[in-house]
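A.B. asks: Residue-level listing of the chains:
Number of protein chains: 2
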Amino acid sequence: MNNNDLQVQGFLASAGRGGIRGKDRLDIGLIYSEVPAVVAGVFTTSLVKAAPVLLDMERVRSGQCRAILINSSIANACTGDKGRRMALESSAFAAKALKIPEDMVLVASTGVIGEQLELTPFEKVMGRMAADLSSDGFMDVAQAMMTTDTVPKTAVRTVIVGGKDVKLLGLVKGAGMIRPDMATMLCFVMTDGDVSSDALRIMLKRSVNCSFNLITVDGDTSTNDTVLILANAMAGNSTICENNPSGMQVFQEGLDELLKDLAMQMVEDGEGATKLVTIEVKGGRNDEEARIAAFTVAESSLVKTAFFGEDANWGRIIGALGRSGANFDPYSVDIGFDDVLMVKNGMGLGLEAEARATRVLKQRKFKVNINLNAGTSICRVITSDLSLDYVRINADYRS
Amino acid sequence: MNNNDLQVQGFLASAGRGGIRGKDRLDIGLIYSEVPAVVAGVFTTSLVKAAPVLLDMERVRSGQCRAILINSSIANACTGDKGRRMALESSAFAAKALKIPEDMVLVASTGVIGEQLELTPFEKVMGRMAADLSSDGFMDVAQAMMTTDTVPKTAVRTVIVGGKDVKLLGLVKGAGMIRPDMATMLCFVMTDGDVSSDALRIMLKRSVNCSFNLITVDGDTSTNDTVLILANAMAGNSTICENNPSGMQVFQEGLDELLKDLAMQMVEDGEGATKLVTIEVKGGRNDEEARIAAFTVAESSLVKTAFFGEDANWGRIIGALGRSGANFDPYSVDIGFDDVLMVKNGMGLGLEAEARATRVLKQRKFKVNINLNAGTSICRVITSDLSLDYVRINADYRS
Numbered sequence: 001m002n003n004n005d006l007q008v009q010g011f012l013a014s015a016g017r018g019g020i021r022g023k024d025r026l027d028i029g030l031i032y033s034e035v036p037a038v039v040a041g042v043f044t045t046s047l048v049k050a051a052p053v054l055l056d057m058e059r060v061r062s063g064q065c066r067a068i069l070i071n072s073s074i075a076n077a078c079t080g081d082k083g084r085r086m087a088l089e090s091s092a093f094a095a096k097a098l099k100i101p102e103d104m105v106l107v108a109s110t111g112v113i114g115e116q117l118e119l120t121p122f123e124k125v126m127g128r129m130a131a132d133l134s135s136d137g138f139m140d141v142a143q144a145m146m147t148t149d150t151v152p153k154t155a156v157r158t159v160i161v162g163g164k165d166v167k168l169l170g171l172v173k174g175a176g177m178i179r180p181d182m183a184t185m186l187c188f189v190m191t192d193g194d195v196s197s198d199a200l201r202i203m204l205k206r207s208v209n210c211s212f213n214l215i216t217v218d219g220d221t222s223t224n225d226t227v228l229i230l231a232n233a234m235a236g237n238s239t240i241c242e243n244n245p246s247g248m249q250v251f252q253e254g255l256d257e258l259l260k261d262l263a264m265q266m267v268e269d270g271e272g273a274t275k276l277v278t279i280e281v282k283g284g285r286n287d288e289e290a291r292i293a294a295f296t297v298a299e300s301s302l303v304k305t306a307f308f309g310e311d312a313n314w315g316r317i318i319g320a321l322g323r324s325g326a327n328f329d330p331y332s333v334d335i336g337f338d339d340v341l342m343v344k345n346g347m348g349l350g351l352e353a354e355a356r357a358t359r360v361l362k363q364r365k366f367k368v369n370i371n372l373n374a375g376t377s378i379c380r381v382i383t384s385d386l387s388l389d390y391v392r393i394n395a396d397y398r399s
Numbered sequence: 001m002n003n004n005d006l007q008v009q010g011f012l013a014s015a016g017r018g019g020i021r022g023k024d025r026l027d028i029g030l031i032y033s034e035v036p037a038v039v040a041g042v043f044t045t046s047l048v049k050a051a052p053v054l055l056d057m058e059r060v061r062s063g064q065c066r067a068i069l070i071n072s073s074i075a076n077a078c079t080g081d082k083g084r085r086m087a088l089e090s091s092a093f094a095a096k097a098l099k100i101p102e103d104m105v106l107v108a109s110t111g112v113i114g115e116q117l118e119l120t121p122f123e124k125v126m127g128r129m130a131a132d133l134s135s136d137g138f139m140d141v142a143q144a145m146m147t148t149d150t151v152p153k154t155a156v157r158t159v160i161v162g163g164k165d166v167k168l169l170g171l172v173k174g175a176g177m178i179r180p181d182m183a184t185m186l187c188f189v190m191t192d193g194d195v196s197s198d199a200l201r202i203m204l205k206r207s208v209n210c211s212f213n214l215i216t217v218d219g220d221t222s223t224n225d226t227v228l229i230l231a232n233a234m235a236g237n238s239t240i241c242e243n244n245p246s247g248m249q250v251f252q253e254g255l256d257e258l259l260k261d262l263a264m265q266m267v268e269d270g271e272g273a274t275k276l277v278t279i280e281v282k283g284g285r286n287d288e289e290a291r292i293a294a295f296t297v298a299e300s301s302l303v304k305t306a307f308f309g310e311d312a313n314w315g316r317i318i319g320a321l322g323r324s325g326a327n328f329d330p331y332s333v334d335i336g337f338d339d340v341l342m343v344k345n346g347m348g349l350g351l352e353a354e355a356r357a358t359r360v361l362k363q364r365k366f367k368v369n370i371n372l373n374a375g376t377s378i379c380r381v382i383t384s385d386l387s388l389d390y391v392r393i394n395a396d397y398r399s
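Just so you know, the protein sequences line up as chains X and W, in that order.
Using the working numbering, read the first sequence as starting at 1 and increasing by one per residue.
Using the working numbering, read the second sequence as starting at 1 and increasing by one per residue.
Calculated from the structure, these hints are not laboratory results.
Here a beta-carbon is modelled for each residue, glycine too, at the ideal position from N, C-alpha and C.
The reader is advised that the hints may include incorrect statements.
[Said to hold, decoys possible] Cβ pair distances, simulated, as ranges: (1) W:K344 <-> X:N213: 49 to 57 Å; (2) W:K205 <-> X:G22: 53 to 61 Å; (3) W:L119 <-> X:L341: 36 to 44 Å; (4) W:T239 <-> X:E352: 55 to 63 Å; (5) W:E89 <-> X:V151: 52 to 60 Å.
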């Protein structure tokens with residue numbers, strides 16, 4: 001994807017080297033909307049929320065936003081009064097440089113928990129960053145957001161609403177669930193669509209539920225997880241709102257696709273990850289049971305080490321299903337890998353099926369097909385393997 | 001501990017080399033009570049239960065037992081009708097050799113899921129094993145139960161009930177939660193105490209809850225987990241029953257200690273484990289919240305890799321607490337390692353505390369002290385680290 005695609009009319013961006021934690025790298029990003037944009041946000045469900053998350057949760061209530069100030073290296077979580085003050089002061093500082101009201105600036109941080117953010121890095125680069133704002137700046141922001149990410153992650157989609165092109169541009173860093181210490185998933189979506197505040201909130205929540213909320217690497221959740229969407233209405237489309245169901249439908253589909261694309265990139269970018277695995281549970285008695293069955297398999301350390309070992313070990317999968325809390329008849333379960341059925345009615349199909357399944361597991365991407373045959377509910381979760389590098393990265397990270 | 005200690009009057013044991021899965025090692029064990037013993041059992045909560053578990057669940061209802069037949073290498077789980085038949089036929093075969101009723105024999109299996117157990121190995125060794133039964137045979141049984149265990153695990157306790165010595169002897173293999181594929185925790189306790197059936201059932205459940213149910217290595221549960229206790233009344237004590245509360249109390253304490261000892265040995269024997277860590281959560285609003293907080297920390301892959309890396313990474317601990325579902329004020333939480341307080345009121349105490357905590361983590365055993373300061377409930381869970389060897393063992397296991 002070239003930088004030309006990473007543009008949406010009315011949005012500008014830039015990044016700077018603040019030297020947070022003494023590192024000479026892009027670590028501060030700024031996203032700016034030339035006009036007030038409608039905003040919606042989804043935030044971490046953790047009880048322990050970082051200072052920028054708490055500030056944003058208040059500010060998105062107004063429904064409007066002009067800018068997002070992002071930093072990496074320090075999460076500004078578990079930082080008490082000073083942390084709150086730094087979130088406020090850094091946003092005020094950006095507002096002043098951009099000549100916009102303070103409460104129209106949102107903030108997002110990612111990095112080490114428990115260390116204090118200082119104002120100095122922002123003072124150092126803000127003037128230059130405000131002057132550098134450009135429609136070409138989004139790749140720099142995607143880089144400035146990175147912590148242990150190995151590549152910047154972006155995606156664009158265009159949908160047509162009432163004859164008008166509406167563009168969506170998304171930036172993501174991850175993955176909170178891969179290493180929530182150098183932590184957190186942050187995602188920012190800019191669109192030139194004209195969308196009502198209510199519709200934006202509803203659609204964002206739905207899209208997050210079918211994308212970021214269906215990936216899991218180790219089941220951990222960060223103190224800083226933040227997804228923000230800004231819509232500046234410059235596409236001139238008929239307003240997307242609850243009275244415009246066809247508009248909502250196409251926009252929702254576009255947003256779903258965009259966030260699924262970004263979510264997949266997040267799982268793929270786990271340094272520790274050598275496999276990208278879709279766990280599909282069909283035949284659940286209800287949605288909740290399909291969900292817990294899929295997540296229990298996707299998060300089982302034993303299942304994930306077997307993926308790493310390219311071992312078609314269905315005993316571990318059926319073991320995870322058995323303790324998941326889902327209800328089913330153990331002798332009705334089918335399990336397969338891609339197109340190879342390995343278990344029929346709860347029993348293994350023998351060595352030949354195992355040999356074929358083992359070949360499937362040698363691929364970098366594959367799907368585990370589970371049918372509980374207890375109902376009609378389905379859940380699909382994306383996960384990775386549990387590799388030696390996962391342990392190395394996470395055991396060594398702060399040293 | 002020498003073999004002389006591994007005796008309880010009226011109980012005999014022996015083991016044999018059945019050659020299950022073609023290996024020349026002790027893989028079948030037999031425990032025999034010279035008189036009918038009162039029996040109680042606790043079994044896996046998994047929906048997917050192995051054939052021997054299903055058979056034992058029926059048979060313990062009678063409250064009486066004479067023998068336990070144990071095999072390793074094959075779990076006899078997910079084996080359908082043939083598996084059920086093999087559980088029945090092997091127990092019938094042992095009953096015949098021992099000249100006792102078939103329904104007085106319990107069975108227990110551990111090993112690979114999905115492979116069929118054959119009768120041949122039992123036919124090969126049963127005559128010899130029945131002849132070899134001896135009060136010195138328990139160490140052989142502890143060895144025959146082993147799968148990926150590196151050492152046989154046994155413990156004894158003596159309590160005094162109404163002036164009489166009552167002895168308890170326990171054998172365990174594990175840990176289901178370390179590698180539930182070569183799977184399963186099996187535990188057998190023999191006592192010469194005179195205990196009523198009801199009292200035995202109640203006390204076993206309580207002891208399991210405060211021992212095996214408070215250890216976790218990776219949160220996985222096996223299809224075969226089984227704990228059985230046999231009491232043959234040969235100590236001649238006043239019957240331990242609900243009308244004998246002081247008897248129940250001392251026996252309960254002895255059983256608690258015995259099972260805690262065995263549980264600790266299970267966690268320590270994880271080949272992958274380099275650390276033995278107690279997670280203590282105090283100040284929970286209620287027991288359930290203390291429990292989910294402790295287990296979420298104990299099972300977090302990020303926390304466990306930090307233990308392996310000897311990294312006093314309290315950010316990951318507070319992250320796990322935040323997503324656990326327990327309610328507390330993030331700025332009231334205290335976290336320490338052994339006697340080093342690292343976090344006070346939700347904020348880090350700085351580099352000196354960190355340096356001291358890092359020294360604590362270099363030990364093989366340490367305790368994480370968490371105070372949620374939200375109530376008075378406490379939960380203490382024993383866990384291990386997540387090491388490179390854990391991944392190696394579990395990725396390589398079947399190949």
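A.B. asks: Work down the list of hints and note, for each, if the structure agrees.
C.D. replies: Now for the hints, and whether the structure bears them out:
1. W:K344 <-> X:N213: 49 to 57 Å: violated, 34 Å
2. W:K205 <-> X:G22: 53 to 61 Å: holds, 56 Å
3. W:L119 <-> X:L341: 36 to 44 Å: violated, 29 Å
4. W:T239 <-> X:E352: 55 to 63 Å: holds, 58 Å
5. W:E89 <-> X:V151: 52 to 60 Å: Hint holds: Cβ distance 59 Å, inside 52 to 60 Å.
Hint compliance for this structure: hints 1 and 3 are broken, all remaining hints hold.
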